[in-house]
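S.K.: Residue-level listing of the chains:
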Amino acid sequence: MNRFRQSLSRILAIFMKETIQLRRDRVTFIMIISIPVFQLVLFGYVINNDPRHLPTAVLVGDESRFTRTILSSLRNSEYFDLTERFTSHESAETAMMRGDILFIITIPPNFSRDILRGETPSILVEADATDSVTVGGAIAALNQLPQQLALKDFEGILGQNNSGISSRLSSSAAPLTESSVHSSSSQPISFEVRVHRKYNPEVITQYNIVPGLIGVILTLTLVMLTALAITRERERGTMENLLSMPATPLETLYGKITPYILIGLLQVTFILVIAIPLFKIPFEGKLWELYLSAFLLILANLTVGVLISSVARSQLQAMQMTIFWFLPNILLTGFMFPIAGMPIWAQWISRIIPLTYFHHLMRGILLKGMTGAELWHDLWPILLFTTLTMFVAVRTYRRTLD
Amino acid sequence: MNKSTLSEKNPMSHAESNYISHPTDDLVIDVHGLTKRYGKHTVVDHLNMQVRRGEISGFLGPNGSGKTTSLRMMCGLITPDAGTGTCFGYDILSQREAIKQRVGYMTQKFSYWEDLTVLENMEFVARMYSIPDRRRAIQQALRELGLESHQYQRTATLSGGWKQRLALAACLLRKTELLLLDEPTAAVDPQARREFWDELHRLASQGVTVLVSTHLMDEAERCHRLSYIAYGKLLAFGTAQQIIEQQKLITWSVRGSNLALLSERLKQEPCIQDAVIFGADLHVIGFDESQIHQTLEKYTKEQLCTIEHYMIIRTTVEDVFIYLMKKTHEASAPTGGKP
Ligand SMILES: Nc1ncnc2c1ncn2[C@@H]1O[C@H](COP(=O)(O)OP(=O)(O)OP(=O)(O)O)[C@@H](O)[C@H]1O
Ligand SMILES: [Mg+2]
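Note that the protein sequences, when read in sequence, are chains P and E. Each step along the first sequence adds one to the number in our numbering, with nothing skipped, and position 234 is 658. Each step along the second sequence adds one to the number in our numbering, with nothing skipped, and position 42 is 58.
These aren't lab readings, by the way, just hints derived from the structure by calculation. The beta carbon of each residue, even a glycine, is placed where N, CA and C say it ideally should be. Mixed in with the good hints, there may be bad ones.
With the C-beta cut set under 8 Å, the calculated list includes, among others, these residues of chain P facing chain E [to be verified]:
| # | residue |
| --- | --- |
| 1 | Ser433 |
| 2 | Thr443 |
| 3 | Val484 |
| 4 | Ser488 |
| 5 | Thr820 |
| 6 | Asp826 |
Modelling step: build the complete structure from the supplied sequences, incorporating the hints.
M.R.: Following this line, the structure appears as structure tokens:
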């Protein structure tokens, strides 16, 4: 009992020391608060403001009223700033490579003839999807194009030219409108828009980002903070003092980690409070289940931090190792690219990383209302990872100055 | 005590003979053959050391001789490459945690948290050692080192001496049975130094054991017992008086003109170990009384540097230590003569 009290007293001592140091370390403290805000505002700005007037090259192979109608409709949407100055596809592609234009829209030769014949010609749209968030809205607008035109403008054109054909108008991309026009049609005529997303096949959606951002922010800040908190003691020489005191490695780690658990939970709250109203993210699941998941991810990250600190010889090395750990967390966990599209070896890595499961949990809890036993499927890998890492971290934690 | 006749040839023998003569004493520290290597460099070389309960044991040696390394090994901060030992009967290799409960170690380099205030640092220590009646104990320790008025000050903003006082106060606060102090009074002013040593003696009289490294000879003379190491080897062990007697060094105080030149000349004489100027006096150290007498006599007739007057005085521990260090250095580097 007395030993237990002494042990608690030591944990409390380290906890308080760490908390005071954290509070006094302005830069770190600002980082803890500002990283979530900064990230949310950055992502939020891009998501909320559907960017317009994107530079677009048009290669017209068929001068016709159809073409003119399509182009003016594109202009009216305000997503595109059209230019017809490019004479060849190559020159347009070069411009895209340079980043001067984001889209190449090609209207093929015989476009109007094919429409009138009832075939379904394609307008080819090539999009520079490296900046996928930016082009996302514009692509959505493009996909709407056939159905909008089918309804309004083409009817007019066809009516002027040849009233007999107007009854055959339809749009392949618009099943809803089909019935309204279809009633009198014998053979539907239409065109389609083929979008080629260049460089980045997957477009991130806003729902993907905010739940993902919770895990990314926790990973980014917490691994680094713990790794630095311990290597800092070595670098400043206070480790010699700390190690000569009677705290066991486990007591030291408890005392050092606890403030960061609180910091992590605070960050989660912060992100939720800002993001949910700002991006109108649905919250279908249970709050305590979200916090439980977050708690486990925080623990996982802290143990990684501890592990890094017992390998790193200096704060700089700890920083480098944190970045090394951070990269697969960003790239391989489904935050940026879908896991299904990765090579098998990368998928295996993603299966080790707790953040992968956490992303799944967050999407499940926030968007789908996943609850109870369904969560367990993603919770146990995080738990297992944490336990193993903690075990290795405590084993490798250096009790001496050697 | 067995006063070895081999003393001049083998300084180790003194340390060993003293150590063997008290094997059954109440030993708080008892280490044998402690060895630490960094790369090819053997920093501590088969060190034996015993410290008895309630004793203030001084640990002396030139810079880089391995004092800090030895202290770190004794409190389990670094692992020795060879050797065994106990601290309070606990094995220094396998029972580190038990040792740490009972040892207060003060590092040579200041190692308290600079972003905490003085008081916060003290509270941290008090909690770590579960000190009863924490507030009062802290205030008392602060008062003893005159730190009361600085207690709300950030440690980073303290002057060097005040930082050292904080480390001392934290040491006194721990109330552990053994204090390992690595140059505790470096940068502390003489008055605070004296008060701290008074405090150490008070603690020792209550049964606290102290092993303290120092470069200051007045502090060495306040220790019950001294260990002197150089190049990682224990060269002398015993009370200050014993160490002086063991070496059989004789010191003359010489007065004369042009002492600088005189000391240069005397150092060249084979029978003289050292000649050091102390203000108007030159201390000449050696073994063979009659030979040195003759040599000094010779210089009374010199032109450039003349001895006017000389007499035998008490040899100091400092003289002995410097002699010991030079001797080991020459032994380990046989090609080099006198510097
Ligand atoms: N971590 C280390 N790596 C390599 N060499 C080391 C290390 N620590 C100490 N040494 C070497 O060990 C030797 C003894 O160092 P130590 O600090 O024990 O000396 P000291 O007696 O305390 O000296 P001082 O009086 O200057 O404090 C020195 O030569 C030092 O360079
Ligand atoms: Mg030292």
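S.K.: Hint by hint, note whether the structure agrees.
M.R.: Hints, one by one, checked against the model:
Hint status for Ser433 of chain P: holds, given a least beta-carbon distance of 5 Å to chain E, under 8 Å. About 11 Å separates the beta-carbon of Thr443 of chain P from the nearest beta-carbon of chain E, more than 8 Å, and the hint is not met. Given hint, Val484 of chain P at the interface with chain E, is violated; its Cβ is 68 Å from that chain's nearest Cβ, farther than 8 Å. Against a cut-off of 8 Å between C-beta atoms, the interface hint on Ser488 of chain P is violated, since the closest Cβ of chain E lies about 75 Å away.
For Thr820 of chain P, the suggested interface contact is broken, since its CB lies about 15 Å from the closest CB of chain E, more than 8 Å. With a least beta-carbon distance of about 5 Å to chain E, the hint placing Asp826 of chain P at the interface is held under the 8 Å criterion.
Comparing the model with each earlier hint shows violations of hints 2, 3, 4, 5; every other hint is respected.
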